[in-house]
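Protein chains: 4
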Amino acid sequence: MEKKKVAVVGATGYTGSEIVRILAQHPGVELAMITSESRTGEKFSDVHPFFQGIVDKVLQSAAELDRAASGANVRVTSDGKSDTAGNSRETIEDVDLVFLALPHGVSMDYVKRFAGRSFRIVDFSGDFRLGTPDVYEAWYSKKHIYPEGFGDAAYGLPELYSERIHLAPLVANPGCFPTGALLALTPLFASGLITGEHVIIDSKTGVTGAGVKASATNMFSNVHDNFKAYGIKTHRHTIEIQKILEDVARNGEKPSQKGVSPVQFTPHLLPVDRGILTTAYVRPDEPTTASALQDLYRRFYRDKPFVRICDAPPSIKDVRASNYCNIYVDFDERTGNVVVISAIDNLVKGAAGLAVQNMNVMFGWDETTGLAHIPLQP
Amino acid sequence: MEKKKVAVVGATGYTGSEIVRILAQHPGVELAMITSESRTGEKFSDVHPFFQGIVDKVLQSAAELDRAASGANVRVTSDGKSDTAGNSRETIEDVDLVFLALPHGVSMDYVKRFAGRSFRIVDFSGDFRLGTPDVYEAWYSKKHIYPEGFGDAAYGLPELYSERIHLAPLVANPGCFPTGALLALTPLFASGLITGEHVIIDSKTGVTGAGVKASATNMFSNVHDNFKAYGIKTHRHTIEIQKILEDVARNGEKPSQKGVSPVQFTPHLLPVDRGILTTAYVRPDEPTTASALQDLYRRFYRDKPFVRICDAPPSIKDVRASNYCNIYVDFDERTGNVVVISAIDNLVKGAAGLAVQNMNVMFGWDETTGLAHIPLQP
Amino acid sequence: MEKKKVAVVGATGYTGSEIVRILAQHPGVELAMITSESRTGEKFSDVHPFFQGIVDKVLQSAAELDRAASGANVRVTSDGKSDTAGNSRETIEDVDLVFLALPHGVSMDYVKRFAGRSFRIVDFSGDFRLGTPDVYEAWYSKKHIYPEGFGDAAYGLPELYSERIHLAPLVANPGCFPTGALLALTPLFASGLITGEHVIIDSKTGVTGAGVKASATNMFSNVHDNFKAYGIKTHRHTIEIQKILEDVARNGEKPSQKGVSPVQFTPHLLPVDRGILTTAYVRPDEPTTASALQDLYRRFYRDKPFVRICDAPPSIKDVRASNYCNIYVDFDERTGNVVVISAIDNLVKGAAGLAVQNMNVMFGWDETTGLAHIPLQP
Amino acid sequence: MEKKKVAVVGATGYTGSEIVRILAQHPGVELAMITSESRTGEKFSDVHPFFQGIVDKVLQSAAELDRAASGANVRVTSDGKSDTAGNSRETIEDVDLVFLALPHGVSMDYVKRFAGRSFRIVDFSGDFRLGTPDVYEAWYSKKHIYPEGFGDAAYGLPELYSERIHLAPLVANPGCFPTGALLALTPLFASGLITGEHVIIDSKTGVTGAGVKASATNMFSNVHDNFKAYGIKTHRHTIEIQKILEDVARNGEKPSQKGVSPVQFTPHLLPVDRGILTTAYVRPDEPTTASALQDLYRRFYRDKPFVRICDAPPSIKDVRASNYCNIYVDFDERTGNVVVISAIDNLVKGAAGLAVQNMNVMFGWDETTGLAHIPLQP
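Protein chains in written order, with this note's numbering: chain A, 710 to 1087; chain B, 710 to 1087; chain C, 710 to 1087; chain D, 710 to 1087.
Just so you know, not all the hints are guaranteed correct.
One copy or two, either will do: identical chains are not told apart, so a pair holds if it fits within one copy or between any two.
With a straight-line Cα cutoff of 25 Å, these simulated DMTMM-like cross-link-like pairs (lysine to aspartate or glutamate) come out [to be verified]:
| hint | residue 1 | residue 2 |
| --- | --- | --- |
| 1 | K713 | E872 |
| 2 | K967 | E906 |
| 3 | K922 | D755 |
| 4 | K967 | E995 |
| 5 | K922 | D1020 |
| 6 | K967 | D775 |
| 7 | K1013 | E995 |
| 8 | K714 | D1039 |
| 9 | K821 | E746 |
| 10 | K852 | D1020 |
| 11 | K713 | E846 |
| 12 | K821 | D861 |
| 13 | K967 | D1041 |
| 14 | K714 | E955 |
Keep in mind the hints are simulated off the structure, nothing from the lab.
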């Protein structure tokens, strides 16, 4: 396998360290550059000490990527230090793919800067997920500075959109909640089973979803032994789920005329590091059975190596530290509701693992390359 | 305040120790007897060492209550040992109230045994909550051996049924999930705002709800850093919520003709000791506003000292170790759904504290007597 | 009981909310004033929402205490707002006792400001615990601005110094680690059993010991499922333990000539909210037995209501949310070492509860007044 | 790399699932057989559902290994079922190495049964670690049924005994606590720096050390938010640490005449799944410095890929899910003590990872083969 050169832009956060954890052992890539504007010049393992002796590479500024672009012969010396003047440097001008592990609003700036560059981009942020700038601006309360990017962007859920991803110059890596919710609900909407009434999505996430910056939100004593809801009726992932479900319903096996009723999405904060469990409630047009639904799901995901249809409700530890999404689906005869539950690791299948899966699809590799992590339990 | 004599039957479980924790400092009661069949003769503090030096009372057999009933002059000596032959014993024949902290199926046996006794009973189990034996048998898969008891029983949620509780010889203490769910939803159904469609109740509970017996369910490594759903579409608290909501809808301010649509109830297991957070989704017949709903709730609970209507979604630590129920209600204009969230401590407001509140109502005392615990945070 | 007026200066931290939790239900006090400089004018329950409907008192500036001192007729209106001009205000000039729940370095400033005032002070900080300014300055790397205060200060561990505390105008509330370590080791040094060699104190604390301010230290994902040591050989509580042990050895039943060898103290950070467990290792001059040691400890603490000598190693949950200190002592014949373990709740016996116990002693009340909290388990 | 055939005997426990997690991705081995007497015939993923779709191999009885030994042509069919009569079966008679993931007392029975077999054994239990049956019987209160085994056994800590391990037919995998304690202390005793006085080892372990069977010890509510010591002065790992330290002191660079004073070992139970942090206190014969000690440690472990000498006290999450042992060493000038801290994952470096490392050494492979797991954080 000829190695591709990849860069990670933004390495101080949880998704940054997680993607380095995966890429460092991926057989197809060379981790050519890791950047951080706030910690430039320090070692990656200074920021994340558990990498001591494993990834001690020096953090560079993302500006090196710009310079590389402009023809400067930027190289990285063997000890990880960049040297713009020297001539024994490894060139990074031909980096093949860049992962942007940046917050929304910042990412679009980089995507704009990198326009016309030969490398492809996987963007972790929400900046290019929503199809059009007006929807973005309505939900993110922010002017979109690079609407042209939407034309290049594929929504990076390979279980649904692998063909587009394979060709796209820019892949918008899905939000962590949408990944779990969409994998849970897509078979129902794609098959035309559900057309109306309510779509209730009650999700519960680990704390790493709130990011690495210390705040009252992620303080131990505010989270430990505790539980609460947040972002009721306003969370930005609501519209992302809505838009993709509508796309799925329109373009599924049995396209629906009625569309998808407004999605009710409520996130909650679990006292755990990693994991999202989503419990979704929808009502099919006709009564069905649990086994019919399970068949539908097994069929729908039969070639998808990371989706496991389960006989019992999954727990988040069943998928922890892995790229799996475990799904349980049931039908309640008494109420007429379908209940679907999905479990993912928000940092892997909900972020860094999914990004690597997208990279695999972009490069035409087997989707599972470098992603064979067995869940960690206990 | 003249002290009432009370007994706790079944003291080895979490609700047993919790009610002793509360009763030991209640100004109106004398804790006359604590029983355990499996640990008879040991001290209460042998079973629960954190009571060392606080409650060292010797555990008796519940048979002592029977003997007392039959006229035997049962007394308890000052060192807590019972002595059926001696004559220096404290009599327990005139116990005023018995708390049955027993599992369902066992409780009804005791209620039957105690029929005709002068003391009143607060029963923690599900045996007398459902009104009729056929409903019980359908959901508990068990023959009801004492259907006569239903006639004596009041459903022990004082925020709704304080008049009946005041007079009832037998109070069926609600289930932990129904307590949180009913306090969250009752104002909507009692006011006739909601008549149809879906009632989705997504609840999350701490581990103590699973009881004190060691099992795979409550092992640390299966719970810690983990989260999952269980009892999907089959949990027995479903029917309890359904029945009371129907009663509330029928007898509320604006009785509804349509009844209550089937309740969808899904419990989940949180990696915490105590607490239940319930997120409920219903759709009002007409659009409303968040502030109208908050007014409704504040009005409905204006004389209820343990219900706090909150401006932000509550967390379970906001009520931990207290008898409070915190409630947040909101209306989502985009979806047309009402979202209600309630938080309780499952061992206090969901069990032992509620039982003491019921006792206070039964004896005509102020509801808050002995229940002024401030939540413990952090 | 005639009520004493007390004030809490510094109410936004964990010790601030914890002492209000205790004082709000203390039968002997009126909580006349709660101050915060950063949140002046807000309600206490805005800062600590779990107090909603319980303590909604408005936070004042500590400057009100100064003004009261200077003769201004400061009053607090019934809605908690201070009004320096009005005349219907409740006077606070005659406050009897002030709790300073402030960081070290800040406290001494207040103690100096309050010099000559009629109220007494319990200071939570380390500013007046070490007897002399030079020791303070060596370990706290800070100039002491009020050395005169040491003359007024008693070390506030009532199990050892209740007579001095009873009379002292200023009580220096012990550090959380010293409280657990000193209660564990004092009987050995006071009885002259130990004179030499090593004193190893290995302590493990809950996160609330690190304070309420969000930082990398107390972020959930850095603490949860984790454990580490910190402050090795430099923690300031080392010298506090050393000084008091030396005082105990000098003034015990059998004064020792040899003194106390240098104390090795290592704190560790537990993934729990509350609690300190201390494991101490010392070597007696002569071999002894476990039962002789237990007798010694039971005798030493026989009139101390908050110290419980246990037959098995205690856990921190055995004392959680209470003012108890549980102690286990053992002798290892193979090694010749005494192993002593103590457990306390760092926010109660290690801070706020101990402060209230000191207040009780200062006012000549029973030590347990308002402190009869039963440990919360689970 | 020609693949070796290995078997895991005893697959229902935590070490069983952990070694399968590692072996399933080890490039040098074929996982020929997994056994369980209690779950024979079920799939490995039935017992450990997180392996669904990854390791679905059917569990066999260990008796298959006996039969294989006796010449029977035992084979395993492609669906994992064994068939002693058929002839399309894969043979397991030539298995190269067997991991015994069994409790002490059970292991020695298997080692005896397998005497004379061609395969080599790595035994997880304490049955062959202590050199002689008398020491074993004194500390394990159990008759040793196979004293002959001690002659074959090497103590499986490759950082100290790789040459013996390479040749040994039987490797006694160290206890989890001894692994952390010995790696922390060996450089001091091997270099002759320490000869006398006290050796205090205060260790803290995650719950998985207590095994997979549900009990009061590992119930969530007894462990979560809690902490306690156990096994004071009696834990069996005490003698294991003692014996190896003595061996190290005798055979180190500067053999000591004085031997090693009795080791004081106290384990504590942390509310975490995985990890052991050990804090050890010893006194050198002569004062030294922190930097001299760090140099000594770096030198001692310079060729040991899994030992990382750290500049700051390590946390257990720094090594979680990996085979690393992080060590911090310091000297306290005030007390004259050396303080050493080590962190390992008890299931990896303290059990399954160490066992695989031993296998690598036995087969002459690079020690790190199949063990390049990056720690999982957060």
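Hints, one by one, checked against the model:
1. K713 <-> E872: For K713 and E872, the Cα distance is within 25 Å only inside one copy (20 Å; across copies 40 Å).
2. K967 <-> E906: both (10 Å within a copy, 18 Å between copies)
3. K922 <-> D755: Both: 17 Å inside a chain and 24 Å across chains, each within 25 Å.
4. K967 <-> E995: Both. Shortest intra-copy (15 Å) and inter-copy (22 Å) distances satisfy the 25 Å Cα cut-off.
5. K922 <-> D1020: between (38 Å within a copy, 24 Å between copies)
6. K967 <-> D775: Close neither inside one copy (47 Å) nor across copies (66 Å); limit 25 Å.
7. K1013 <-> E995: neither (28 Å within a copy, 43 Å between copies)
8. K714 <-> D1039: neither (44 Å within a copy, 42 Å between copies)
9. K821 <-> E746: within (18 Å within a copy, 46 Å between copies)
10. K852 <-> D1020: neither (46 Å within a copy, 30 Å between copies)
11. K713 <-> E846: For K713 and E846, the Cα distance exceeds 25 Å both inside one copy (35 Å) and across copies (59 Å).
12. K821 <-> D861: Close inside one copy (12 Å), not across copies (67 Å); limit 25 Å.
13. K967 <-> D1041: both (24 Å within a copy, 21 Å between copies)
14. K714 <-> E955: Result: close neither inside a copy nor across copies, 36 Å intra and 52 Å inter.
The structure does not agree with the numbered hints 6, 7, 8, 10, 11 and 14 stated previously, though it agrees with the rest.
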